[in-house]
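Make a model of the complete structure from these sequences and hints.
Protein chains in written order, with my numbering: chain S, 144 to 414; chain P, 2 to 293; chain U, 3 to 303; chain A, 405 to 933; chain E, 7 to 331.
No wet-lab data here; the hints were simulated from the structure. Please note that a few of the clues may not be correct.
[What the hints assert, rightly or not] Label pairs and their computed distance ranges (CB to CB): (1) P:Pro29 <-> U:Leu144: 47 to 55 Å; (2) U:Asn170 <-> P:Thr16: 47 to 55 Å; (3) S:Gln383 <-> P:Gln162: 42 to 50 Å; (4) P:Leu6 <-> U:Leu144: 22 to 30 Å.
Even glycine gets a Cβ: it sits at the ideal position worked out from N, Cα and C.
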Amino acid sequence: MSDPVLSVRNLNIDYIGAQKDFHAVKNVSFDIAPGEFFGLAGESGCGKSTIAFAVSRLHRPPALIRAGSEILVGGRDVLALDEEALRSFRWREVAMVFQSAMNSLNPVLTIEAQFYDVLRAHTPISRTTARQRAAELLKLVDISPDRLSSYPHQCSGGMRQRIVIAICLALNPKLLIMDEPTTALDVVVQREILQRIDTLRKQLGFSVLFITHDLGLMVQVSDRIGIMLEGELVEVNDAQTIYRSPKHDYTRRLWASMPKLHGEQIREVRS
Amino acid sequence: MRQLLNNKKAVVGLTILILIILVAVFAPLLTEYSPVKRVGRPHQPPSWEHWLGTTRLGHDVFSRLVHGARISLAVGFGAGLMITIIGTVLGIIAGYKGGVVDEIINFFTNMVLVVPNLPLLLVLAAFIGQASPLVIAVILALTSWAWGVRVTRSETLSIRQRDFVKSAEMLGEPSWRIMAFEIFPNLISIVGINFIGSVIFAVITEATLEFLGLGDPNTVSWGIMLYNAQNASALSVGAWWDLLTPCFALALLGLSLALINFAIDEIANPRLRTGGMLNRWTRMVRLGEGKL
Amino acid sequence: MSEPILALDNVSKIFGSAGNPVYAARSVSFALRPGRTLALVGESGSGKTTAARLIMREYQPDDGRLLFRGATLGKADRKSLAAYRASVQMVFQDPFASLNPAHTIRYHLERPLRLHQGRLSGSERMAMIEELLARVKLDPALVMAKYPHELSGGQRQRISIARALAVNPQVIVADEPTSMLDVSVRLGILNLLNDMKAQLGLALLYITHDIATARYVAEEIMVMYAGQIVEWGDMESVLGNPQHPYTRLLLSAVPDPDRRFDQTPFEDELNHIDVIRRQSALPQPETLQVGENHFIRPMPR
Amino acid sequence: QTVLTVSAEQTTTWVRNFNPFGQTSARFTTLDFIYEPLVVFNRLKGNEPHFRLAESFELADDLKSITFKLRDGLKWSDGEPLTADDVVFTYDYIKKFPALDFISISAQLASVEKVDDTTVRFNLNEPNSLIANTIVSMPIVPAHIWSKIDDPVTFANENPVGSGPLTEITRFTPQVYEQCRNPNYWDATNLAIDCMRLPQLADNPQVLAALAEGSLDWATSFIPDIDNTFVAKDPEHHKYWFTPSSLVSFQLSMTTPDENNRKAFNDVNFRRALSMLIDRQTIVDIAGYGYPLVNEDPSGLGELYKAFANPEVATQFGQYGKFDKDAGIALLDSSGYVDANGDGFRDNPDGTPIAIDIEVPNGWTDWIDAVQISMETLQEAGINVKMSTPEAAVWTQDLIDGKYSMTLNALAAAANPYFPYIRSFNPGDFGKSRFTAPHWDNAEVMDLLGKYTQVKDPAEQKALMDKAQMIVAEALPLIPVYNSPSFYEYNTKRFTGWADAENPFISPVVSNANPGRLIQLLALRPVSQ
Amino acid sequence: MAFLLRRLSFYIAAFLAAATINFFLPRMMPGDPIQIMFASAGSELSLENLNALKLTFGFIDAPIGEQYLAYLKSVFTGDLGRSIKYFPLPVTELLARALVWTVGLVGIATLVAFTIGTTMGIMAAWRRGTLFDSVVSLSAIFSSSVPAVVVSLIMLFVFGYTLGWFPNGYAADPLLDPAWSWQYISSVIYHGTLPMLTMVIVLTGGFAVTMRNNMINLLGEDYIVMGRAKGLSDRRVMFWYAARNALLPTVSSLAIAIGTVLGGSLVTEVVFNYPGLGNTLYQAIIARDYPVIQGQLLIMTAAMLISNFAVDLSYVVLDPRLKKA
Ligand SMILES: Nc1ncnc2c1ncn2[C@@H]1O[C@H](COP(=O)(O)OP(=O)(O)OP(=O)(O)O)[C@@H](O)[C@H]1O
Ligand SMILES: Nc1ncnc2c1ncn2[C@@H]1O[C@H](COP(=O)(O)OP(=O)(O)OP(=O)(O)O)[C@@H](O)[C@H]1O
Ligand SMILES: [Mg+2]
Ligand SMILES: [Mg+2]
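In C-alpha cells form, the structure reads like this:
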C-alpha cells in the first residue's frame, strides 16, 4: 500500500466548557489510502463532523485539538501549518462537501462568483479563464454551464449539491471529505450523486472520506469503513467484512437493528 | 432565571437595577430633605449638607434624584408592560391566526412603524398638555407597540410551523389555549427582550418629553430635573451638578437594562453566549494544551 | 379482510396558482383497516404529508371524499372535528419539534386526557398517564416530571406515541416517525408501533421514504409520485415484483448493503431517471391490476 | 459705515416680513424704526411727549376729538411726500381690513378727517382724555403703496417704504439681516447710525453668548445670573438696566365653579390672608433671579406707577400687601378658616372644604417656580393648594371664563394706571379678556374710571384715581406679587448715549412694545476709534 | 418587482392614513387652534380681529368632509399652508430650509454610525470572546442605552461649556452668508461637530449590537464554513460571505432605525439649537404653529416612507432571492 493520503494519529478533540470540557474525539487513528473511499459511520453526536473539521482545521473556539494529535495529509503535518500555509492548503489538498446542500452555497453570490472565489484564492487567474474552468467543472457533474449566472436559490437541492461537488473538484484535491452530503436529498438523487462521485473518483484519483449514519449506503459505496461510538473509533475494516462479520459488539447491534429490504426479515432484538 | 444569574452581564445589570429599585422604594428613608421644598440657597454646589448640591429653586438634588427614580421606574416599567402586552397579544394573534386578521394587524403595525414615533409623541403630549407620568406612559404604550408585534409575529409564525403546535391542534386544543399555553411559553425570551427594550425606550422617551417641557412640572422625575436644570441655564451658570446628576442616573438605568437585555439575548440564543469557556479556551491555547 | 375504518376516495388537493397548479394529491384512494398497517412511500415532495393532512382534516380536499366508518365526512366544524380527533391521531417526524419545550412530559400527556377522556379524578388521570408511559416502555417515575430536552430522541418519540394513544384512537398516522432517529433506536419505535397495532387493533398509516422500514412494519404499501399513487398492493408482491417504472427506479436507488453499486437491479431505469420522472408526473388515470392485491397506474405512452 | 448690532427678537430663522400690522409675524424692527410713530410718550417721565411725525396734538375741550399736526416736508423713504392723506388712508384701511387693527382702535373712532395737508382730526365715539396714547401706537403707512395691495393681511412687505430712520433692507438671509438709513429721513441730522444688523439668535443662551463675547451692542433678553455671566466678562463696557414693567399678581376667581371655594374667595379677609402668605421677596430672588421688583402695593400700582400713588393706601392697607406669615395665619384663624374636618387643611367657617388649584400655563417656568414657592408657605399655613399646568390656550380660556380657582396673571405696563384698572375690572370685558380673570365687579370703581377719561384737569384726575386706588386696595381683587423687569443689556464699547439709571431719559428697551427705543436709537453716538 | 409594487402600495396607503391622522389630530384636541396660536404668540386680540385672522389662515366653517377634501388636495399639490410663527413663510419653504440641515446631520451621522457600528460588529463577532469583542460589546451596549438627551447634554457640557472647544449652538456662524466658500463650510463643520458626534455615539451601538448578533448567528452556517474551507482569506469570508448576509437583517432594521434616528436628531437639534427639522418641529410645538406641525409630521412620515422604500430597494439589490419573487 502506498503512502496514505490522510493519516490521523491519536486525534483528541475537546469542546471547552465553562467548567467541564466535553471530550468529543478520543484517541482516534486511521489512514486513507490514495483513491480509497473511506466511510466513517456512527450515530449522531459521536464526533464524525468534529474529525472532518479538524482535517481542514476549520474548528472555531471552543473546540480544541489537543497537543499530541497528528493529522498528516500527503505526509505534511496539517497541525503545524501557519495561517497562510493553511489557507493555501485548504481546498487545494482537502475539499469538503457539507451536510446541507441548501446552506453550503453563499445565497447572495452567483454560482460563477463562487467558482471564481476559490480559483482566485489559490491561483492568479483571469475571469474568463475562471469561467471556462467553471463551465468544465459543471459539465463533469452534468450541469449546463448556463447555470453559472444563477443564484443558489434558483437551483434544486440535488443540483446544488452537485455544484458543490464541482467546486470541490476545482483544484484537483487529494482528498474529498463528504459530511453527510445526501441526507437532505431523496434516495434517487442520492444514488445519482454518489454514483457520480464514484465515477469521478475513479477518473481523477482522489480519495474520499465519506461520513454518514446510513449504514446500508455506507457498505454499498465504501472500500473501508470506520465505526465510531461516543468519540472512539471502535472498529475499522473492509466494508464487506464489517457487514458480514462485524467484530465489535456495537457494530453487530447496528446491523441487527437494520430492517432488510429483501429476503428474510431481521429478528426483533428486544433488550 | 438560573441562567440569568450565571451570566455576568445580567448580574451586573440586575445589581444596578435592583439598587435603583431599592433606592426608589426606600426614598423617604434615604433622604433627610423633601424633594419639593426649598431647603437651601439656590444652586449650592455639592457639600456635606447637600451631597449633590441644590437646584436653582434651592431643592436638594440628591433628594430629588432618589425620589425621581420612582417615577422613572414606574413609567418605564408601566409603559414597558403595556407595550409588551399589546405587542405580544397582537403579535401572537396575527402570527397564529393568519389570514385576514393577520393582514389587518400587520397593516396597522407597519403603519405605526413608519410614523416617526418621537415627533408624534411630542405632538400628542403637546396637544394633551400637562402630560403627567401616567399620561405619558399611556400614550407611549399606544404608539410604541408595533415593534413588539413585528418580532412576536415573526417568531410566532416560525413556532406555529413546529409540530408541537400541530399536535396540540390535532388533540383539539382550543386556539386561545394554543396561543397562551403552547406558543407563548416559547416566546418568553422574545417577550423578555421586548419588555426590557420597551422599558428602556419608555424611560428614555419620558425623560425626553419632560426635558422638552411637555411634562408636568409638579412631578419629581429625572426628566423634570433635566428640564428644570436646562431652564435654569445650569450649564451657563456652571451648576453642573444640577444637570449632570439626572443625566448619570438615566445613563445608569439605561445601561443596567441594556445589560439585562443583552444577557437575555445570550440566553435565548446559545450561539451568542461567550461565557467562561472562551476564557478557558484562550488560556489553554496559550498554555500549549492544544490548538484549533 | 376487515372493514376499512377510514378511507380516501379519489381525493385531490391542488396548491399553487391557477396558472401553475401543484398537484399535491391527485385522485388518491386508499383505505385503512383495524389491526393493519399501510405504508406510504415516495420521495420528498411527492405528497405524502399532504395525504396525512387530508386525513387529519387539516386540509379540505379539492375533490373526492373522505370516509370515516363508511360515512362521508362533510365540511369540518368545531364539534365534529373534536369527535373525529378523538379517533384519529398523528405522530410527527421530528421528535425535537413535536413536543413543546416549555412543558413537562406529564403536561403533554395530561392535556389529551383532559380533552378527550371526560371527567377523570386527579388520581385516575395519574394512573392513566402511568399506564400510557408503561405502554410505550418508559419508566413513569423517571420521565414524568422531565422536560422534552432532557430526553433522547427515541424517548421523545415514545412520548409522542403515548400522547397519540392517550385519546384512545382507532387510527394513527405516523409521518416519518423514525427518519430523524439513530439506527439503534429506530427499531424500538417500529416495534412499538407494531405492538400497539396488534394490541389495540389500531389502523396505522405509516409514511416514510425508507422502504426497508416500511417492509418491517406494514402489510401493504403504496408508492407515491407527484401526488399520485403509482403502485400499491401487498408488500411482498410490490417489492418483489415492482411493475411501475418509478417503483423500480426507487427500489434500485434504495441503499442496500447486500448489493454493491455495480450490482444494482433495474439498470435501465437508473439510466433514464429524468425520463421516468417526467412521465410519472403526468396524469395516470388508469388502474391496472397486476397481482392478487397489486395494482399500478401505468404511465401513458 | 456705523453698524449697530442688535438682538430684539429670538427666532431660529429670519423671515422677510415687514408688515407693520402683523403683530405676531413682522420683524420686531418694523415698528418705530421703519414706521415712525406720530408721537412717542415717555413713560419714565410721566408721559412727556417726544414729537416725531407730528409736531403737536390737541385734545378738544369736550374730549370728543383730537387733532394731530404733522411736520412740514415729511417724506416717505421712496421720496414721495407724507401727508395727512396717508394718515386718513391708514385709518380707512384698518376699518376695511379689521384683521389689521391689532389695537382695536376703529371701534373708538367715529371718523378720521383731513383738515389740511398736515392736519388730521380724529373724532371719538366717547370722550377720552387718554386717546392719544392709543392712536400713536398705530403705524401710518404710505397710501401710494398700500392702496395697491390686495391682501394686506398676508402681505409680507418685503421692501418696505417707511418713514422711520432705518428703512432700507440691504441684506436679508435666514441668519442675519441689515436695515439701513432712510435716504429721506426728516430727522437725519440726529441719526448717527448707518445700519442696524440683526443676527439670528434662537434663545436666551445664544443671546447671552453673543453678549458675553461682545458682538452685540443692544439686546433684550433674560439672562441668568447676569453679573457673573455677562457683566464680569467686561465690566467696563458690559452694562444692563432693568426697569419694572408688567404687573404679575395672584388672582382668585370670584365666579369659580366650586361653591365652597367661591365662598372663601369672595371674602376679603381670605384674600388678605392669602396675600400676607406670599413670600414676594423669595419669589423675586429665586424665581426671578432678583430681577423683578417686589410689588407690595395692595392697589397694584407699585413702583411702576409711583407717580400716581395715593399715600393713604399704604397707611391704611399696606400691611395686607406684605409677606407676614404669622399675621396671615392669625387672620385666617380669626376669620373662622380653621380645620373643621381634621384632614389637615383649613375649611370655610361653615365647615365646607376649600381646595385650591393654582393654574399656570405649561412651560412658563418662572411662574411655575413662583407658584411652587408660594405653595410652600400656603401649605404651611394649612391651605389646601396644588398646582396644575394646562396648555396656555386652555389656561387663557379658563381665565376668560372665570372657571379656575387661583392663578398668576400678568398685565402689561402702560402709561397710566387707568389702563391696568380698566383692563382688569371692566365688566364689559368679562368673558372676553383674560385680564378680567378675577371677575370682580365693582360699579363704583368703574364709575370713577369712566369719569377719569372725561376730565381734563390733572388735579381732578388725581382725585378720581386716588379714590379708585383706595377701593381696589381695600377689596384686594388682585394680589400683587412683583413687576417683571424689562430686560435691557448694552455694550458701551462702540456706542455711547445709552439711557441708564443715572440718566433715565427714556425707556431704552429694544423690544417692539417700547416706542421709546426710537429715542434711544437717535441718542446713540459711535465711539471714535 | 411584485414585491416592490406591494410595498409601494402599502406606502401610499400608509401616507394617506398618516395624512388623515394629521388632519384630525389638531381638530380633536381641546381649544380653538387660532386661539391657541395667538395665545402662544403672546398677543391679545379682539374677537373681530381673531375672526378676520381665522379666515385668513383658512379655517373655514365648512363641513368636516369638505375641509378634509380641501386638505388632501392641498397636501398632494404640495401646498402645506403658511407658518403662523414665521408668517408669511410657506410651510414648505420653512421645512425646506430645515430639511437641508437635518438631511446633512442625520444622513452623515447615520452613515458614519452605520459604517463604524457595522464594522465593529463584524470584527467583534469574528473575534468573539476576545478582549476586543468585550470592549466593543460593552461600549455598544452602553451607547445604545444612553438617551440622546443625556449624551447631547454631556457633550455640550464638556466640549461646549467646560472646554470651550466647540460652539454651543447653531449650524454655522450667523454672520457668514451661506456660500461654497471654505470659510462657510469650515464654520458648518465646526458647528456640526458636536451634534454629529452625539448622533454617532447614540446610533453606533445599536448597529454594532445588531450586526454582531447577526454575524454570530451566521458564522455557524455551512456556507461560511465552506468559505473558510475553500481557503479564502479571513477578510474575504468575513466581509463577502458573513457580513454581506448578516447585513440583510441589519438593513431591514435600518428602516425602523430611521424613526429612532429622527427622534434622536430631534433631541440633539433642540439641545444644540441646530436649525433642522427636529428643532423646527419643537419650536412649532412650543408656538402651536399648526400648519408647521402638520407639515412636519407629513414630511417626517414621507421621509420614513421614502427611506423604507429605499431600504426595500437596496434589499432587492442585496438579496438576489427577492429578485425573482
Ligand atoms: N461548539 C460545540 N461546543 C460544545 N460541544 C459541541 C460543539 N460542537 C459539537 N459538540 C459536541 O460534540 C459532539 C460531536 O459532535 P459532531 O458534530 O462531531 O457529531 P457528529 O457525529 O457529526 O453528529 P451528526 O451525525 O449529528 O452530525 C456532540 O456530542 C456535540 O454535542
Ligand atoms: N400548504 C401548501 N401550500 C402550497 N404548496 C404545498 C403546501 N403543502 C404542500 N405543498 C406542495 O405539495 C407537494 C407535496 O408536499 P408534501 O409535503 O405532501 O410532500 P411529502 O411527500 O410529504 O414530502 P417530504 O418527504 O419532504 O415530507 C410539494 O410540492 C409541496 O411543495
Ligand atoms: Mg455531523
Ligand atoms: Mg412530508
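Status of the hints after comparison with the structure:
Distance hint check for P:Pro29 and U:Leu144: the Cβ-Cβ separation is about 54 Å, which falls inside the suggested range of 47 to 55 Å. About 53 Å separates the C-beta atoms of U:Asn170 and P:Thr16, a value consistent with the hinted range of 47 to 55 Å. Restraint check, S:Gln383 to P:Gln162: a C-beta distance of roughly 43 Å satisfies the suggested window 42 to 50 Å. The supplied range of 22 to 30 Å is met by P:Leu6 and U:Leu144, whose beta-carbon atoms lie about 28 Å from each other.
When held up to the earlier numbered hints, the structure conflicts with none and fits them all.
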